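Asker: Make the full structure from the sequences, and use the hints.
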Amino acid sequence: MKTMPPNWSVPALLCATALGLLTSLTPALAADPIKIGVIAEAQAIAGASIPQAAQMAADEINAKGGVDGRKIEVITYDNHSSSADSVRAFQRAVNEDKVNIVIASYISEVVLALEPWASRLKTPFVTPGAASNEISKSVHADYEKNKYTFHGYLTSAALAQSVCDAAKELLVDQKHMKSAVIMSEDAAWTKPLDVGYEECLPKIGLKVLDHIRFSPDTTDFTPIFNKIEAAKPDVIITGISHVGVQPTVQWKNQQVPIPMFGISSQATNSTFGKDTNDAANGVLYQGVSGPGVAVTPKSVPFADGFKAKFGNYPSYAGYTAYDEVYYIADAVKRGGSTDADKLIEALEKTDWEGTIGRVQFYGKDDPFTHSIKYGPGLITGLMLQWQDGQQVAVWPKNVAKSEMKFPSFIKLTSN
Amino acid sequence: MLALQILIDGFAVSALYALGAMGFTLIFGVSGVLNLSHGAIMVLAAVAAWAAASVLHTDTYTGALIGVAVALIASFATYFAVVQPIQQSKRIPNEEKEIFVLTGTLLWGIMIQELIAYFFTNNAKTVLPIIEGVVNILGVRTPKNEIFTAVVCWVVIGALWLLVNRTRTGKAVLAASMNPRGVTLLGLELNSIYLVVWAIYGVLAGIAGVLLGMFLGVSSYSVGPLTASAFSIVVLGGLGSVSGSLIAAFVVGYLETVTAYLISPAYRTIPALLLLVAVMYVRPQGLLGRR
Numbered sequence: 001m002k003t004m005p006p007n008w009s010v011p012a013l014l015c016a017t018a019l020g021l022l023t024s025l026t027p028a029l030a031a032d033p034i035k036i037g038v039i040a041e042a043q044a045i046a047g048a049s050i051p052q053a054a055q056m057a058a059d060e061i062n063a064k065g066g067v068d069g070r071k072i073e074v075i076t077y078d079n080h081s082s083s084a085d086s087v088r089a090f091q092r093a094v095n096e097d098k099v100n101i102v103i104a105s106y107i108s109e110v111v112l113a114l115e116p117w118a119s120r121l122k123t124p125f126v127t128p129g130a131a132s133n134e135i136s137k138s139v140h141a142d143y144e145k146n147k148y149t150f151h152g153y154l155t156s157a158a159l160a161q162s163v164c165d166a167a168k169e170l171l172v173d174q175k176h177m178k179s180a181v182i183m184s185e186d187a188a189w190t191k192p193l194d195v196g197y198e199e200c201l202p203k204i205g206l207k208v209l210d211h212i213r214f215s216p217d218t219t220d221f222t223p224i225f226n227k228i229e230a231a232k233p234d235v236i237i238t239g240i241s242h243v244g245v246q247p248t249v250q251w252k253n254q255q256v257p258i259p260m261f262g263i264s265s266q267a268t269n270s271t272f273g274k275d276t277n278d279a280a281n282g283v284l285y286q287g288v289s290g291p292g293v294a295v296t297p298k299s300v301p302f303a304d305g306f307k308a309k310f311g312n313y314p315s316y317a318g319y320t321a322y323d324e325v326y327y328i329a330d331a332v333k334r335g336g337s338t339d340a341d342k343l344i345e346a347l348e349k350t351d352w353e354g355t356i357g358r359v360q361f362y363g364k365d366d367p368f369t370h371s372i373k374y375g376p377g378l379i380t381g382l383m384l385q386w387q388d389g390q391q392v393a394v395w396p397k398n399v400a401k402s403e404m405k406f407p408s409f410i411k412l413t414s415n
Numbered sequence: 416m417l418a419l420q421i422l423i424d425g426f427a428v429s430a431l432y433a434l435g436a437m438g439f440t441l442i443f444g445v446s447g448v449l450n451l452s453h454g455a456i457m458v459l460a461a462v463a464a465w466a467a468a469s470v471l472h473t474d475t476y477t478g479a480l481i482g483v484a485v486a487l488i489a490s491f492a493t494y495f496a497v498v499q500p501i502q503q504s505k506r507i508p509n510e511e512k513e514i515f516v517l518t519g520t521l522l523w524g525i526m527i528q529e530l531i532a533y534f535f536t537n538n539a540k541t542v543l544p545i546i547e548g549v550v551n552i553l554g555v556r557t558p559k560n561e562i563f564t565a566v567v568c569w570v571v572i573g574a575l576w577l578l579v580n581r582t583r584t585g586k587a588v589l590a591a592s593m594n595p596r597g598v599t600l601l602g603l604e605l606n607s608i609y610l611v612v613w614a615i616y617g618v619l620a621g622i623a624g625v626l627l628g629m630f631l632g633v634s635s636y637s638v639g640p641l642t643a644s645a646f647s648i649v650v651l652g653g654l655g656s657v658s659g660s661l662i663a664a665f666v667v668g669y670l671e672t673v674t675a676y677l678i679s680p681a682y683r684t685i686p687a688l689l690l691l692v693a694v695m696y697v698r699p700q701g702l703l704g705r706r
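Protein chains in written order, with our numbering: chain A, 1 to 415; chain B, 416 to 706.
Since the hints were derived computationally from the structure, they do not count as laboratory data. Computed from a predicted model, the values in this text were never measured in an experiment. Possibly wrong hints are sitting among the right ones.
[What the hints assert, rightly or not] In silico lysine-lysine, DSSO-like type, Cα no more than 27 Å apart, as pairs:
#1 Lys35/A - Lys64/A
#2 Lys98/A - Lys401/A
#3 Lys405/A - Lys559/B
#4 Lys203/A - Lys175/A
#5 Lys411/A - Lys586/B
#6 Lys411/A - Lys71/A
#7 Lys586/B - Lys227/A
#8 Lys274/A - Lys559/B
#9 Lys64/A - Lys411/A
#10 Lys274/A - Lys232/A
#11 Lys401/A - Lys178/A
#12 Lys178/A - Lys35/A
#13 Lys559/B - Lys232/A
#14 Lys298/A - Lys71/A
#15 Lys145/A - Lys178/A
Answerer: So, in structure tokens, the structure goes:
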């Protein structure tokens, strides 16, 4: 049996082996790239922006000479929205592609599946878009084990607070609304979100009349909207991410006369208008940034640059993923190393003004350890509305571009 | 009020299920093929109609026609690329061909599903309704499009009935479903009957897909559930029985609607599946099945 390739001579093979040995023996040079693995839902609207935005940030940093001469290399993996695929991608990223850190997923179930793997493989890991409180609560509960995980997006508790803060001004103070029905999909991230809603809505003066949770694979929302309408609330407070297009279109087709306000992840992407044939008009959704909204001086140039490159504005997870690459680069620079422990230490000291606000992480003693801080001067979130096929900021006042506008079938009852 | 609501919503959903399942059962009845790429073809039709309207900016009618045309092409592609080569293969033993067709069409469906997700993302798309607005039926606000959906479904089902029972081609199709060998003895080419059936199937699946896209919206995730729902309706009604499928579609449609309204939208599909299991125990050939 012949095992040697036919055209290879013995000396050539020896040379190749020697070369191979040489390269593998060379110590890591300062010019070795910083490798960031990006595991995301490339086929989903919200997830597709993650690898694109990460690559964009890496290209910008590299164009300016990288981090102390080290280039940033982004290696992307499509997880098909599956936890199992994500775990395999994570293992491959660490064991074979030797990444230094991983940015992964906007789905809480996926992130919760990856969290133990970050600990086992001792590789820092940041999520740009998952919200479940459990992600950072586990870091708090067992810091030594779970310190590898960072929550680069708001927790469900903070999201609920952000929605309530906006609802107080927009719905209660401006429109004198008094009651609400919570409508949320049954998923890991909405459990704490709903707890947050139930707690903060009554405090701002919105009585919760009913609370409807539905399966994320629901396609016919008619019964849900009918049930909501029967309760006669002034507003529907949403917690939806896996679904978005279908409830929005059916809300419009059935002319449900009640406005929708809250978290609607799919609405954060600029293609949502087209996907819903503009049924999105009137939908109010929480965001961390948005097209044309100058949350910080970096927000608008990023969103416009992204659109010029990829043809659409980024989803919410695009903004966070872009910031993450930057503050990872910043942490590598400050810590002077890509070594996991040093990187974690440096990341914990992050104070970075990104596209969504000023990013800092909660510490070891806070209940949401390693989650980004929520609050004035840091990140507060915004409320945006789809108006005439565009995403327009309506809250807070300092970035608002317009008043709220509703399609004609909406009846604002407490006006 | 609630009863009327259930009656109206259930009717539209059931009519849509019936239309979707009809082509599926027809193909099985005539050629013994269980086409597991059914859901994929329906979704393809809806996504094509959506893409035509929002990317190419056609009007809604043209968009819908493009959707149906794409389903027709996909139907023939399924037949020529997957089903026919397996049926004519000399290397696959005859008794294993059904399994091969089942697997082949399943994989074909997954390929279509992944292509849709790759090019158009796996987020849901909705086709712009041909008729917009709502009407008030005895206090129940009903989208005109829902009525339109039900009407089109019944018109198409009626047309299919006329085609099968009143035209020569249709009678040949009917005969082939009863006794394929007898049809060949009468001098009819079985292959051309198959072509007719796949053409009818493509049009039915296309119309059902586009209407579904208008009524509820579809995503690449809908592929599996759509195939499964057509499959269970057809099994419930009796494999190959068109009228059985019609009845089963209404049973399933109303059972789901009643569950969604009276129990919880989260448990919508469960009672219908339990019924399917029960029918399998008591009457394995289905409600109106012959075999």
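Asker: Now tell me if each hint is right for this structure.
Answerer: Now for the hints, and whether the structure bears them out:
Annotation: proposed proximity of Lys35/A to Lys64/A holds, straight-line Cα distance about 17 Å (limit 27 Å). Between Lys98/A and Lys401/A, the direct Cα distance comes to roughly 45 Å. Violation of the 27 Å bound is thereby established for this hinted pair. Between Lys405/A and Lys559/B, the direct Cα distance comes to roughly 25 Å. Compliance with the 27 Å bound is thereby established for this hinted pair. For the proposed pair Lys203/A and Lys175/A, the alpha carbon gap of about 17 Å is at most 27 Å, so the pair holds.
As the CA atoms of Lys411/A and Lys586/B are separated by approximately 55 Å, the hinted pair breaks the 27 Å bound. At roughly 55 Å between alpha-carbon atoms, Lys411/A and Lys71/A are farther apart than 27 Å, so this suggested pair is violated. With a C-alpha separation of about 48 Å, the suggested pairing of Lys586/B with Lys227/A is violated against the 27 Å cut-off. A threshold of 27 Å between alpha carbons decides the hint, and for Lys274/A with Lys559/B the separation of about 22 Å falls inside it, so the pair holds.
For the hint linking Lys64/A to Lys411/A, the alpha-carbon distance of about 53 Å lies beyond 27 Å, and the restraint is violated. As the CA atoms of Lys274/A and Lys232/A are separated by approximately 30 Å, the hinted pair breaks the 27 Å bound. About 26 Å separates the Cα atoms of Lys401/A and Lys178/A, which keeps this hinted pair within 27 Å; it holds. For the hint linking Lys178/A to Lys35/A, the alpha-carbon distance of about 51 Å lies beyond 27 Å, and the restraint is violated.
For the given pair, Lys559/B sits about 23 Å from Lys232/A by alpha-carbon distance, which is consistent with the 27 Å threshold. With a C-alpha separation of about 22 Å, the suggested pairing of Lys298/A with Lys71/A holds against the 27 Å cut-off. Pair hint Lys145/A plus Lys178/A does not hold up; C-alpha atoms about 45 Å apart against a cutoff of 27 Å.
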